[in-house]
Amino acid sequence: MIKIYVPLDSAAVALGADEVAEAILSEAQKRDASVQLVRNGSRGMHWLEPLVEVEQEGKRVGFANVDEGDVAALFEADFLTKAEHESCIGEVDEHPFLAKQERLTFARCGIIDPLDIDAYEEHGGLAGLKRAIELNREEIVGDVMLSGLRGRGGAGFPAGIKWKTVSEAEADQKYIVCNADEGDSGTFADRMIMEGDPFCLIEGMAIAGLGVGATKGYIYLRSEYPVALKVLNQAIKIAQENNLLGDNVLGSNQAFDLEVFVGAGAYICGEETSLLDSLEGKRGQVRAKPPLPALEGLFGKPTLVHNVISLCSVPIILAKGGEYYADYGMGKSKGTLAFQLAGNIAQGGLVEKAFGLSLRTLIEDFGGGTRSGRPFRAVQIGGPLGAYLPEDLLDLPMDYETLAEHGAGVGHGGLVVFDDQVNLREQAHYAFEFCAEESCGKCTPCRVGAVRGTEVMERIAKGEDWAQNMVLLDDLCELMVDGSLCAMGGMTPIPVMSAKKHFPDDFEPDQAVRAAE
Amino acid sequence: MTEKLHNIIAPYVGETGGLISAMHAVQAELGYLPEDVLPVAADLFNQTKAEVKGVISFYADFRDQRAGANHVRVCVAESCQSVGSRELVTALEERFALKLGETDLARDLTIEPVYCLGLCSVSPAAEVNGKLVAKADADKIAKRVEA
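Sequences listed follow chains A and B, in order. Per the working numbering, the very first residue in the first sequence carries number 1; after that it's consecutive. Per the working numbering, the very first residue in the second sequence carries number 1; after that it's consecutive.
One should not assume that every hint holds.
To be verified - Straight line, CA to CA, 30 Å or less: simulated BS3-like cross-link-like pairs of lysine-lysine:
| # | chain 1 | residue 1 | chain 2 | residue 2 |
| --- | --- | --- | --- | --- |
| 1 | A | 30 | B | 49 |
| 2 | A | 282 | B | 49 |
| 3 | A | 230 | B | 140 |
| 4 | B | 143 | A | 230 |
| 5 | B | 140 | A | 100 |
Because the hints were derived from the structure by calculation, they are not lab data. Given the structure is predicted, the values throughout are model-derived calculations rather than measurements.
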């Protein structure tokens with residue numbers, strides 16, 4: 001029986017992986033070949049998808065960009081035993097894109113069958129939860145504190161402090177809420193791990209439950225992720241059957257259970273208080289803080305709200321100890337981040353590395369430059385509310401503090417690359433349009449400011465009262481930063497102002513008028 | 001209709017975020033949320049019709065008329081913009097003689113924008129009748145629509 005892996009990851013599926021899997025099964029049957037097909041997650045080398053792997057003498061040999069039409073030829077070339085076909089990339093683990101990474105959170109993603117709980121355990125899973133059960137609450141929280149983990153959803157708030165606050169709050173009910181409303185363009189790490197290693201998220205949430213004394217968890221999943229929904233629901237069922245979830249988590253005499261809640265297409269619900277209102281079945285409108293969700297969150301109860309990757313980093317922290325995790329990274333940015341190479345990039349995919357590497361390393365060494373082959377012009381870091389940076393800032397090390405000094409943020413680690421065809425005035429205009437589309441409407445600076453912003457950008461594009469409108473743009477951005485209730489309105493000025501600062505030529509009246517024509 | 005809606009919605013009463021899940025269920029069954037949903041949901045969830053309407057209208061997923069059986073969603077967010085989604089939208093609008101965001105029930109066709117499908121490493125992305133398409137172009141999408 002030869003094992004063949006074809007990813008079930010959405011990126012692979014969107015490039016034909018389902019059809020390839022089907023073709024392999026039917027061709028194998030035709031040829032009487034004994035194969036076992038495993039639908040794994042993605043390794044994160046998305047430009048090679050669908051990436052078919054065959055286990056040959058204990059090694060996993062890869063065949064890249066396989067189309068269903070290629071399957072017969074692969075069998076002809078004896079791809080079950082030989083690494084000879086032209087699409088062969090050799091042993092996948094040895095591929096430089098993977099070999100240079102530091103996969104802590106994504107250690108299993110793409111390697112195991114996402115729903116095989118035995119494989120999960122064989123590859124290091126459950127060690128964290130088992131250790132957490134031996135510890136008391138203070139010790140669990142202490143380990144998270146020691147790890148230096150900061151919220152991976154974008155804000156970078158120290159996780160340990162959040163855990164301590166929820167743990168010490170007294171209430172008859174506490175909740176763990178996983179923010180899986182990954183709406184930022186340029187990010188897909190949450191989706192990848194939910195599809196490729198769902199038990200990691202479940203384990204992380206169970207540990208969080210033990211750590212803060214919560215018995216109930218929710219995964220707030222965006223509706224745009226149907227594959228993740230299916231995998232998570234199956235994984236939760238398996239976890240319940242194996243006592244990872246339920247009244248007595250792995251014999252600990254402590255209860256923790258969870259369920260998935262599907263959002264309904266609102267970007268703002270990635271903001272934690274808006275998410276909580278949505279989870280309560282209401283309009284996803286932002287709440288004023290304080291009170292902090294850690295003290296008054298879901299249904300007014302103490303709630304630990306964390307992004308997917310934050311929670312998925314918890315199992316390894318508990319398994320190996322906070323110090324082990326804190327050994328990675330630099331300064332106050334400890335551990336690893338799942339960088340996501342997106343947009344106009346030759347080698348798009350996921351790179352998990354310790355903080356501190358440069359943007360240039362990510363874009364040029366890992367990403368192979370632009371996909372179009374044209375010169376690089378800009379990179380937007382951290383989603384639609386992130387800064388556009390030019391070529392001369394590519395040597396900045398990726399850590400929270402350094403980027404903040406340059407008016408940018410690491411965010412969720414998503415990088416969207418643009419070549420020289422981009423017009424940054426248009427991108428600034430789009431930032432306002434997006435904010436106008438997705439604002440929850442609760443506070444005026446965001447609701448009205450976004451619309452005024454699009455109007456100002458239109459006038460700048462036409463060269464109408466250009467100088468005054470450029471000043472007005474600064475004023476408006478300042479007001480939105482200072483007056484908005486949450487990051488939606490408060491950070492929309494970041495892409496706008498960074499575009500204006502680093503790419504002033506695109507805003508020049510002549511340029512603008514020409515571009516508009 | 002009222003009885004049918006009642007039967008779909010009732011199981012979600014008492015669930016966390018039940019109103020939103022109930023609206024998903026109605027839409028999965030009917031393809032859209034008819035006006036009649038307001039009094040039924042309001043009654044079951046002990047809210048006013050205005051409150052229910054407020055929830056429904058907040059979320060982009062919920063529609064007040066059904067979409068075409070051929071339902072195209074094109075990503076218009078930054079990552080897809082960087083590899084030509086603006087041009088892709090124009091090409092699709094010309095090809096199907098339909099503006100982004102419009103439905104032509106006579107031809108059973110809807111084209112809509114979507115803000116990110118999480119396929120940003122293999123942009124541009126689209127979704128045709130629930131199936132994801134990466135590295136999308138107008139031909140690839142049209143082929144799926146006509147299939």
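Checked hints:
1. A:30 / B:49: Given pair residue 30 (chain A), residue 49 (chain B) is violated - Cα atoms ~59 Å apart, limit 30 Å.
2. A:282 / B:49: holds (13 Å)
3. A:230 / B:140: With Cα atoms ~26 Å apart, residue 230 (chain A) and residue 140 (chain B) stay inside 30 Å; holds.
4. B:143 / A:230: holds (27 Å)
5. B:140 / A:100: violated (35 Å)
Of the numbered hints given earlier, the model fails hints 1 and 5; all others are met.
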